[in-house]
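Undergrad: Spelled out from the first residue to the last, the chains are:
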Amino acid sequence: MRLQTEELMEKYKDNLFAVAFNICKSQADADDVVQDTFLQYHTTDKQFESEQHIKAWLIRVTINKSKNKMTAFWRRHSDNLDDYIETLAFETPESENLLEQVMSLKEKYRIVIHLFYYEDYSVREISEILNVSESNVKVRLTRGRTMLKRLLKEEWNDDDE
Amino acid sequence: MMTNKERYKQAFSTLHASRQISLEGCKMQKKEKSFSLNRFAVVMGALLICCSVFYWSQSVYAYTDATAKVFLEKDIDQTKMDAIQAEIEKLDGVKDVKYISAEQAWEDFQNKYFSGEDAKGLAESFTENPLEDSQNFAMKVLKDADLEKLQKEMEQIDGVRLVSLDKVEE
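So the sequences go chain by chain: V and P.
With the numbering used here, the residue at position 99 of the first sequence is 99, and numbering never jumps.
With the numbering used here, the residue at position 11 of the second sequence is 1011, and numbering never jumps.
Be careful, since some hints might not be right.
[As the list claims (entries may be wrong)] The calculated DSBU-like cross-link candidates involving lysine-lysine, where the alpha carbons are at most 35 angstroms apart (straight line), are: (1) K25/V <-> K1009/P; (2) K1095/P <-> K55/V; (3) K106/V <-> K1143/P; (4) K106/V <-> K1074/P; (5) K1143/P <-> K149/V; (6) K55/V <-> K1143/P; (7) K55/V <-> K1009/P; (8) K1152/P <-> K11/V; (9) K1005/P <-> K69/V; (10) K46/V <-> K1074/P; (11) K1009/P <-> K138/V; (12) K1095/P <-> K25/V; (13) K25/V <-> K1074/P; (14) K55/V <-> K108/V; (15) K11/V <-> K1143/P; (16) K1090/P <-> K69/V; (17) K1009/P <-> K46/V; (18) K1143/P <-> K1074/P; (19) K153/V <-> K1009/P; (20) K108/V <-> K1009/P; (21) K1143/P <-> K69/V.
These aren't lab readings, by the way, just hints derived from the structure by calculation.
None of these values were measured; they are calculated from a predicted model.
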């Protein structure tokens, strides 16, 4: 199946932006990645099994493009992360602190944490998206949680999931 | 008491893509004020590819008056019809895909075959639309299209009952 690109943009551009931002740590780069991802979807003939399959594909492409952007030799200097975070409208100071602490983690922990907590993917699904083993995902998730617990203290519960 | 997921989602839901993200004409909005020559070259190359894809789809081909009709299965809902139309429009060699309802199909048939004085009464003898199952997508076909390939591709689309292609004699 295929869905119209415009419909997918409306539904998932913020999801993809959050994934791209998680890796790029730059609003401008994340916007570019999201644009490129939808352009790639628009120009591909690939067929999908379901909308969830499309979304997972979009996220995988976003991650790959974000990583490519980070390694490109012509990459612009990153926007100042702190300046950008100050422009965001958080509901509470704790929310802002949580985002800052997550963004301070290493990329391999950040992305697993994001796919688990924001996109509600399972360990198996995350391993398929990132193309790493499930045990690898579990290790990264555990270590990421441990770090967040140390950084956020009472603002982060012990996960029993 | 919020769960970790709820806290996380609350924090990261503040992130939003720029409103400038759009596919319209493959615009690549520049946000930074300056960029390196390499970046410029990459963007121009990407723009060229985007515009080539756009204008290729709009370019003037030698379309014939030949038409193809793709007849649909019964009881197809609007969502399915939209999906079928999208599939057909992606095929190489077709243009101007239009939906023809069963009512329109019957009206067209009458105009074509029951227009003479002798045939006037024939149409009136039908109390119901005899073409009620004949809703279809009609389209123009590229002169040099591979008709056999096109027919097979259309027949494989889920929801298609019958494909009719009219080859134009040279």
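Undergrad: Hint numbers the structure violates, sorted upward?
TA: The structure breaks hints 3, 4, 5, 6, 12, 13, 15 and 21; every other hint is satisfied.
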